[in-house]
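Visitor: Take a look at the letters that make up each chain.
Protein chains: 2
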Amino acid sequence: MSSDFQSWMKSVQQDVEISLANFLPGSDLIPQQLHEAMAYAVLDGGKRVRPLLVFAAGKLFQAPSELLSRAACAVEMIHAYSLVHDDMPCMDDDALRRGKPTVHKKYDEATALLVGDALQAQAFLVLAEATACADHKLPMLQLLAQASGSVGMCGGQAIDLASVGVALSLPELEQMHRLKTGALLRASVLLGAMSGKQLSDTEVAALDTYSRAIGLAFQVVDDVLDAVADSATLGKTAGKDAANNKPTYVSLLGLSESRQLADQLCQQAHQALNIFGESAQHLHDLADLIVQRKA
Amino acid sequence: MSSDFQSWMKSVQQDVEISLANFLPGSDLIPQQLHEAMAYAVLDGGKRVRPLLVFAAGKLFQAPSELLSRAACAVEMIHAYSLVHDDMPCMDDDALRRGKPTVHKKYDEATALLVGDALQAQAFLVLAEATACADHKLPMLQLLAQASGSVGMCGGQAIDLASVGVALSLPELEQMHRLKTGALLRASVLLGAMSGKQLSDTEVAALDTYSRAIGLAFQVVDDVLDAVADSATLGKTAGKDAANNKPTYVSLLGLSESRQLADQLCQQAHQALNIFGESAQHLHDLADLIVQRKA
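As they're listed, the protein sequences go chains U and G.
For the first sequence, the numbering used here begins at 90 and goes up steadily by one.
For the second sequence, the numbering used here begins at 90 and goes up steadily by one.
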């Protein structure tokens, strides 16, 4: 990873942190505790992979920074809300997230439920309020809604829940992850690119191939890390999938083959970017980052 | 109530039922159980007060029916998701809704959580996909997001939760309801009117006064019904507010003064409509309906 890429990444992460704080309702607004809990769920945490994808894809077509920033924050708010709801006792029942108590532990379950609900609404608000022209934003809002809903992220969660203790095949496992995490990663890439211009079918197809590859790679690496890392490194409870008898790439393929698969997916992602030339360098590097990450 | 109004109401309710079914993801789509549960939460229930307000306000400026239909379904999906989440054990813990088992009773808590999350996304999708011009729809999407989020419906829920066993003053009680139910009722009225044209400040102000009055009246009548009706008539558990030691208009004002207040608010609502002339007849009649309803 070049130092150029690393400093770009750091600056995006810093900008996103500031924008997220700006786009959340002020903690002086009523109801204050809800707003404080929303900020707790969103700020000061995570690698901001989705915002990085938005900004990296924005480089393809010189997208305006205000729209990119709003798209990045909208996607991150959707992601953050899904984590808050995911961690609740009726779902994964997790007490630790990004090294901090989860929202329902820090506050209570009802607050966690409302924090997630309100963050989802805020995500659509942040994107809808961009100053960019309306014709530009509407397809982006549609994409975000589709990627978040029942044929996207929520649908993936539902399949995940139904799969505990069930012997999934590799294609079934892939479909589950394509919805659960893949849909929002794909939306991040496409939102970034769409912030710059209306995409051609060829461009969408290339970005789809890239997104699908990094989405799966992301999950394969997640499964590998869950199997080998400890909770302190991950900032969340490790080994939960095995404990919950959830199907994973590691349980289906073994560790070494899972790692190989991640590398292959990374190469696929790189190849898909060829049509974009040098403007895709950051997307290229992000694929590496996703496969090489340690937490 | 004229027979004209009653047949209009019936036809809107029937049309909305068909549209809601069309705008939900098909139950043949994966994940099937989630889609079945979303339909269970939305279809075949409720008085469709919010869609009625959308269509009645649409009469003011001859709004196109496709946009009205989508706005009505979007608002109703937001309302339906809020009921699903509200009924969960960590919130109101209710087993009965519209005379049927609540979603977490019929399915399970995790499904109820996801049904609500996915319905919210679906609401934004349904509105964003309308064929109306983008400049028209974006302010509507912004309004829907604001009315649903932390300074709207979710915020009202948070205040409601924090108010159990707390001695609220009348203004505090009013603020809570203005967010919890008022924001989405207001959005229904404005979305209907905005489907027809861009509103002047005077028009927004008049519709705000109307919405605020019927919103409060709606809640006052709710409190009265909760105090006097039985569960079979209401289709939900009666007497819960008193049992939960929640502040209500009845506990603050008494029954007879609460009924008087509802009548006064109805008159306020009627007066606010004067500037619109005869095109506001259905909005006028809906104010009556809200105050005179028995369930």
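Warning: the hint list may mix true and false statements.
Claimed, not checked - Straight-line distance between alpha carbons at most 20 Å, and here's what the computed DMTMM-like set of lysine to aspartate or glutamate pairs gives:
1) 194/G x 198/U
2) 335/G x 224/U
3) 335/U x 367/G
4) 148/G x 346/G
5) 286/G x 224/U
Just so you know, these hints were derived from the structure itself, not from any lab.
Visitor: Would you mind marking each hint as holding or not holding in the structure?
Guide: Verification of the hints:
1. This hinted pair checks out: residue 194/G and residue 198/U have alpha carbons roughly 18 Å apart, not beyond 20 Å.
2. Restraint check for residue 335/G and residue 224/U: the C-alpha separation of about 46 Å exceeds 20 Å, so the hint is violated.
3. Between residue 335/U and residue 367/G, the direct Cα distance comes to roughly 62 Å. Violation of the 20 Å bound is thereby established for this hinted pair.
4. A threshold of 20 Å between alpha carbons decides the hint, and for residue 148/G with residue 346/G the separation of about 34 Å lies outside it, so the pair is violated.
5. Distance restraint check for residue 286/G and residue 224/U: the Cα-Cα separation of roughly 18 Å lies within the 20 Å cut-off, and the hinted pair is therefore satisfied.
Consistency note: the structure conflicts with the earlier hints numbered 2, 3, 4.
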